[in-house]
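Visitor: Work out the full structure: start from the sequences and follow the hints.
There are 2 protein chains.
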Amino acid sequence: SINRFQVMSDAAQVNDSENHKLYDYHHNPPQEAPQRDTLYIAVDFDSVDLLDDALNTIETIGCNFLLFPLVKTQEFRDLRTNPDQEVPFVMYSDKLFNTSSWINQVVGKISTWIDLDSTDNNLRINSELAMKQEAAWSSHLSLPALLTPSPKTLQCSNMGKVLNQLLTPLSNLQFWVPIPVVSDSNPAEGKDPNDIIEDGANASWKTWDLLRTLCDHSKSLSVVLRLGLDVPSFKQFERWTAEPVKALILPVDIFLSDDHGFPTLSSPHQITIRHFLKHDVQLILTGHTDHPEGIGAYHQYLHELHRLSPAPSEQEQFEKPFHDFLQVPLQPLMDNLLSATYETFERDPIKYSQYDKAITVAFSDRFSSNEKGIVMVVGAGRGPLINCCLRACVYLQLDNIDVYAIEKNPNAVVTLKEMNIHRWNNKVKIISTDMRKWNTKIRADILISELLGSFGDNELSPECLDGAQKFLKDDSIVIPSSYTSYIAPVACQKLWMEAKGLNPNEEQKQLETAYVVKFHSFHQIAPSQKCFTFDHPSKTLDEGPQHNTRYSILKFHSVLNETIHGFSGYFDAVLYKNVTLSINPQTFSTGMFSWFPIYFPLRKPIRIPAKSTIEVHFWRNVSTQTNKVWYEWCISSPESTPIHNPNGRSYFIGL
Amino acid sequence: SINRFQVMSDAAQVNDSENHKLYDYHHNPPQEAPQRDTLYIAVDFDSVDLLDDALNTIETIGCNFLLFPLVKTQEFRDLRTNPDQEVPFVMYSDKLFNTSSWINQVVGKISTWIDLDSTDNNLRINSELAMKQEAAWSSHLSLPALLTPSPKTLQCSNMGKVLNQLLTPLSNLQFWVPIPVVSDSNPAEGKDPNDIIEDGANASWKTWDLLRTLCDHSKSLSVVLRLGLDVPSFKQFERWTAEPVKALILPVDIFLSDDHGFPTLSSPHQITIRHFLKHDVQLILTGHTDHPEGIGAYHQYLHELHRLSPAPSEQEQFEKPFHDFLQVPLQPLMDNLLSATYETFERDPIKYSQYDKAITVAFSDRFSSNEKGIVMVVGAGRGPLINCCLRACVYLQLDNIDVYAIEKNPNAVVTLKEMNIHRWNNKVKIISTDMRKWNTKIRADILISELLGSFGDNELSPECLDGAQKFLKDDSIVIPSSYTSYIAPVACQKLWMEAKGLNPNEEQKQLETAYVVKFHSFHQIAPSQKCFTFDHPSKTLDEGPQHNTRYSILKFHSVLNETIHGFSGYFDAVLYKNVTLSINPQTFSTGMFSWFPIYFPLRKPIRIPAKSTIEVHFWRNVSTQTNKVWYEWCISSPESTPIHNPNGRSYFIGL
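If you're matching them up, the sequences are chains B and D in order. FYI, in this note's numbering the residues of the first sequence are 849 to 1503. FYI, in this note's numbering the residues of the second sequence are 849 to 1503.
Heads up, a few of these hints could be off.
Unchecked claim - Result set (DSSO-like, lysine-lysine): computed pairs, CA atoms no more than 27 Å apart in a straight line:
id: 1; chain 1: B; residue 1: K1425; chain 2: B; residue 2: K1205
id: 2; chain 1: B; residue 1: K1452; chain 2: D; residue 2: K1318
id: 3; chain 1: B; residue 1: K1378; chain 2: B; residue 2: K1205
id: 4; chain 1: B; residue 1: K1378; chain 2: D; residue 2: K1000
id: 5; chain 1: D; residue 1: K1387; chain 2: B; residue 2: K980
id: 6; chain 1: D; residue 1: K1205; chain 2: D; residue 2: K1275
id: 7; chain 1: D; residue 1: K1357; chain 2: B; residue 2: K1459
id: 8; chain 1: B; residue 1: K1452; chain 2: B; residue 2: K1054
id: 9; chain 1: B; residue 1: K1289; chain 2: B; residue 2: K1318
id: 10; chain 1: B; residue 1: K1000; chain 2: B; residue 2: K980
id: 11; chain 1: B; residue 1: K1000; chain 2: D; residue 2: K1403
id: 12; chain 1: D; residue 1: K1403; chain 2: B; residue 2: K1054
id: 13; chain 1: B; residue 1: K1452; chain 2: D; residue 2: K1348
id: 14; chain 1: B; residue 1: K1403; chain 2: D; residue 2: K1403
id: 15; chain 1: B; residue 1: K1452; chain 2: D; residue 2: K1452
id: 16; chain 1: D; residue 1: K1387; chain 2: B; residue 2: K1357
id: 17; chain 1: B; residue 1: K1067; chain 2: D; residue 2: K1357
id: 18; chain 1: D; residue 1: K1054; chain 2: D; residue 2: K1067
id: 19; chain 1: D; residue 1: K1067; chain 2: D; residue 2: K1348
id: 20; chain 1: B; residue 1: K1318; chain 2: B; residue 2: K1357
Read the hints as simulated data drawn from the structure, not as lab findings.
Guide: Spelled out as structure tokens, the structure:
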């Protein structure tokens, strides 16, 4: 049946871009999220003999789509003077397939003689005319994508110019650019920076980087990687993970034979394919085979490879729909959280088991049985930390502890009151107010909160806890006692294009906003580094609200040539003594899913040479006049960007 | 009188930017063009003692404006906790000067203790608060500009952040950033590229380059250069010519004493000051003097220096109002030229004397007396080339030459007919038609035109002459016989900001459009190189309209660190044999004013390291479907820009 077969294409998304909705963080994942682990396999019909039988063949094999030349002859056409080279004389009939097949199953192959960067003027000009002729014809047929000829290494400016002209918003054309994945005999790291530039793997990436920059990072331009007999080490081509890779081209001659004469692949090839299958990458079989079962044998092997891949873990399963899915960070201070959001939070097993540990140790340090004690949970929400406190009291046999729940969201207070009656024996004192506004003479021995965002302080934990500090005694314990945010430079072309394209009229705003996102197709260029730290109770409260401003200068080091699309942000927190939480990759609390990282984009991607120092500046700003907290950021070296988000013009957190 | 004194400020222009009109090329210069050679001198009142008398002093001296501290104490203020550091307690009274003086004569000096990039947190945070406090106060007073503290060399990111916040569209603040002009003991050229970076002159420029990039090239951020005892060679600081330099700061201790004890300056200082006076730069005297006549003596010397500067030539006089003044290139094929435009063209003495020479030599090569001959002037306009032809006939005593004037603009034909009756004895045959459409069996011996634009082919001379080629015999002479365009990379911050700011809603369009402009505040980074050449009669006409497309790859070499803002374009033409016209700087036809260069901007300025190769691509595109000719351009190395103007989306020439 035809409907099974469909090229995975961005065309629909591109058409739909104005309707693309930015979801709030912690909402349910989008219903329309694609099933990402489906295997899509295509066959490249470069042999003209097979054409008549093409569709039959792929249906028999079970392939999803095919690559198909548009023009009957693969020879040079002189379009400058020959009227018999016009569309009606050279193209395959549009009756060859039915309309639905053209639209869903056929990726057009641009004639391979086309050489847009030829130094022969006549060849170049005819190439340009032929390319435009074939693109126009494929538009007419509504093909989902076009495979271009391979660009010449670092000499593809004229190819860029022609593609850029064809990539108009109206054309709806999708181009796939084939780039060979070359293995370097000498790994890049050991060499002089000037030598790196000449490396094959590096040259491949730089060719693509040049081409997509020339085309102004068009969302309709993708790359397909052609594997060879040797697969480079993962280190050598991990940059590709950040790029819009649509497919891997697998020539049949990279396959080996197993004992039964069936096709098989070397272990490095298998690892590469499995890695890219996790990134929505389709597979394209190409080349002539003498195998008695034909191309079907290779197809069968790939299906087997896919079937035998390890099943995703529960966390991977949970996170999959959120991969590279941009969400607006929460603003729990300005907006009241929804019940469903509380629910998602409360479901995290790791986070609350860490709080259990921290609270139990703190209680045992502070309280002895029968002695009176006061504990306040500020921002109690629907009560998960109250549960932790009550569990600790039971465990330590403490009978004389007053537990306060302070919460500003009146809707959550409803739940707290319910819980108090039905679960807590009315032992909890519920205060329905903003912790910054509560006037009381009661002083807490222990103050507990969970106000942290993906970037630590970004949900204004410091400002809230400043307000609660007046409830403290001189020697009170605060949980968490400190938290630190982390920053790392990242390459993430797909994500950056996503952010840029959210609303075509607000590009600047969208590229100066922080997003919560589960990074997937990305490449972290250097290990994360500490950005801002906050300690509680604060010792600088008497310096006024500006004591929560921060300024951090970080220096990262690039190994390869890179393009930076922004920064990934993380945090870790010390709850009490050695009990911690972390979403920083180096120290990640395995199994915890409450926080995805944060993404700070750059307005323009920046090219970074190999082995350079990237100097990054981050500011946390506080204005009590406008009741805003916001971040600004920039790169100052090796080249400078504008400072992003001045005065919080595009993105701020309301106090 | 107060009105004489006024800081030359961009404030008015900034307010007015929406009304800024882009003039068509060859219109009369703008009436409101400022008198650019006026001398503006300020005195820096850094001594608080003088304050009460300040205005009196500058009126007595004859100065134009003064630099004035805003805050009574120049000592550190702790604004984080001290309410007695609020505006009402620290600022000079707004009654010190009257309103008109504040608005026209006072540049505010931000407190010099302010150190926005201090590693001492308390000093940095207080610096930020103090800077904002002083900026807010100067807004309140409507001062024309504020002098900032000097940025720390290459460590001024936080200063950038604060300035960037203050430079909102609403604030209307103008900041002047003082940068010392440092002389290098070893000239940059002889050194290793890595050493150049550490040079003083280079570090000064890089500090400014960093700061203005961080501030996103704000039009309200300018630089003032502080001269020292040693002045660097012109080569070392010619990059500053491309920057928005508002003033030179002249400390009194850089002056020498002449025989009578009066202040004087060394010859390098004089050359520097004269150079910058040609670029709207104001002078600021600073420092304490023991001279018996006080600061007035220095002021008098500067006036004398200015008075004794050589008077501008006639051509300089003519061009002055056009300096850095962006104009839309002519489109004589789509639009009919105005009478005034023809008039400006006809006034050029050099151009037509070159045509006289070329025509006379061609006539004498081709015709002998009494023999019949046919000459066609295509695009005859109001007839200047007809005059050349008739003069040549008289000079060579040729009586039997038929002169045809072919012109598509019916308004110009009216003038031609008038001329024929009153000046040419009805000897000229006037054909009122587009040369591309005239069907005739007459064949010309000599075809003459003047269809060239600033970039040679940019007024579609190639396409027009293709249409006229059918009037030729096999051995006809065409004047001009060839023309070549030239391209050079330029730094021109002021001009780029001008183009960017023409219409805030069409930034992309404005930065993908070519402008005709008399470059003034600019720095050509490398010598120009040949771009496109056209020969007539064309030998490739049978290749169809695409034979006029061109693609050129040029490689330029940078000496210093540079920021490229686009390309200057020029042309030269061979009229006949060795008779040429040129606006290419290397071969400029002195005295010719018909063509100003063309400017191709870049959407974002690109930083180029010292001693790099800049690879530039230019395309000339022709579409007969849309009747358009357009250019596209990009840089592909050392880093890549997007290709500008795809499909002529922002700028094209109509066929």
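Visitor: All the hints need checking, so say for each whether the structure fits it.
Guide: Cross-check of the supplied hints:
A threshold of 27 Å between alpha carbons decides the hint, and for K1425/B with K1205/B the separation of about 10 Å falls inside it, so the pair holds. Of the supplied pair hints, the one linking K1452/B and K1318/D is violated, its CA atoms being roughly 51 Å apart against a limit of 27 Å. About 25 Å separates the Cα atoms of K1378/B and K1205/B, which keeps this hinted pair within 27 Å; it holds. A threshold of 27 Å between alpha carbons decides the hint, and for K1378/B with K1000/D the separation of about 25 Å falls inside it, so the pair holds.
A distance of roughly 26 Å separates the Cα atoms of K1387/D and K980/B; the hinted pair therefore holds under the 27 Å criterion. For the proposed pair K1205/D and K1275/D, the alpha carbon gap of about 22 Å is at most 27 Å, so the pair holds. Distance check on the hinted pair: K1357/D and K1459/B sit about 36 Å apart at the alpha-carbon level, beyond 27 Å; violated. Simply put, K1452/B and K1054/B have alpha-carbon atoms about 17 Å apart, close enough for the 27 Å limit, and the pair holds.
For the proposed pair K1289/B and K1318/B, the alpha carbon gap of about 9 Å is at most 27 Å, so the pair holds. Between K1000/B and K980/B, the direct Cα distance comes to roughly 19 Å. Compliance with the 27 Å bound is thereby established for this hinted pair. Distance restraint check for K1000/B and K1403/D: the Cα-Cα separation of roughly 19 Å lies within the 27 Å cut-off, and the hinted pair is therefore satisfied. Taking the CA atoms of K1403/D and K1054/B, the gap is near 19 Å; set against the 27 Å cutoff, the hint holds.
For a cut-off of 27 Å, the pair hint linking K1452/B to K1348/D stands: about 17 Å separates their Cα positions. The suggested pairing of K1403/B with K1403/D is violated, with an alpha-carbon distance near 33 Å, which exceeds 27 Å. Using a Cα cut-off of 27 Å, the hinted pair K1452/B and K1452/D holds, with the two alpha carbons roughly 10 Å apart. Restraint check: the Cα-Cα separation between K1387/D and K1357/B comes to about 53 Å, which exceeds 27 Å; the hinted pair is violated.
Our distance criterion of 27 Å between C-alpha atoms is met by K1067/B and K1357/D, whose separation comes to about 20 Å. Of the pairs offered as hints, the one joining K1054/D and K1067/D holds, with about 18 Å between alpha carbons and a cut-off of 27 Å not exceeded. For the hint linking K1067/D to K1348/D, the alpha-carbon distance of about 10 Å falls within 27 Å, and the restraint holds. Only pairs whose Cα atoms come within 27 Å are accepted, and K1318/B paired with K1357/B is rejected, the gap being roughly 38 Å.
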